[in-house]
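Guided by the hints, dock chain B onto chain A, whose structure is given.
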Amino acid sequence: EPEVTQTPSHQVTQMGQEVILRCVPISNHLYFYWYRQILGQKVEFLVSFYNNEISEKSEIFDDQFSVERPDGSNFTLKIRSTKLEDSAMYFCASSGGDRGLSNYGYTFGSGTRLTVV
Amino acid sequence: DQQVKQNSPSLSVQEGRISILNCDYTNSMFDYFLWYKKYPAEGPTFLISISSIKDKNEDGRFTVFLNKSAKHLSLHIVPSQPGDSAVYFCAATTTYNFGNEKLTFGTGTRLTIIP
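Chains as they are written, first to last, in the numbering used here: chain A, 1 to 117; chain B, 1 to 115.
The set of hints was computed from the structure by calculation and includes no laboratory data.
Think of the CB as a built atom: it goes at the ideal place given N, C-alpha and C, for glycine as much as any other residue.
If you want a taste of the chain B side facing chain A, the calculated C-beta under 7 angstroms gives, among others:
#1 GLU42
#2 GLY43
#3 PRO44
#4 ASN100
#5 LYS102
#6 PHE105
#7 THR107
Label pairs and their in silico Cβ distance ranges:
#8 GLN11(A) <-> LYS56(B): 36 to 46 angstroms
#9 LYS56(B) <-> ASP63(A): 37 to 47 angstroms
#10 LEU84(A) <-> ARG110(B): 19 to 29 angstroms
#11 SER73(A) <-> PRO9(B): 37 to 47 angstroms
#12 ALA41(B) <-> VAL117(A): 15 to 25 angstroms
#13 ASN67(B) <-> GLY16(A): 41 to 51 angstroms
#14 SER55(A) <-> SER51(B): 16 to 26 angstroms
If you want the footprint, here are the derived chain A segments under chain B, 3+ residues with CB under 8 angstroms:
#15 31-43
#16 50-56
With the rest of the complex left out, here is chain A (with noise of 0.2 angstroms):
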């Protein structure tokens, strides 16, 4: 079955530092998501990406928040200067937009933990 990959499993950074965490969506996906989970909360949207370009962001993604598409496969969120309270799991998720699918094929990967000290 097809996944959405995450890399790494498991980042450390010091607050103040950009840190970069990478997916791989599923090949014939066409929009992208990413979405947070700070320990014990609810998984919160972050931003929804399609053709390029943001198609919609919550008041969480700010201007230190970054998503780039570089090639065909990748989609990456960049956080430019973290802070402490942007020590979360981050969900990466994409979807093909089939609505034949029970789900719309919307699949998540296994997360990022960033931990920020």
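This is chain B only, laid out in the frame that chain A set:
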């Protein structure tokens, strides 16, 4: 602004019995609902979904019921098995924006199946 709520943070059920997980929503624009199962350090795994034009959807041991007037849905697992122990998230979306379905998640219910 909690548009999707799961009021029970945890639930324990004997193996073989029925597990019922509940979810309430406030946004009338939501027209598609999904249940995800999540293990620690893993991404959410899709379980079952339901469109707002239906009131029930069944897939094996999993059934989701939707009560639109009450803005309430529930997930029934019968019979419950030890492998069902996980955190279950309810999620909702509006499908007007084709393919760009932002999911709004509830806070999750930790289900523990007691052998």
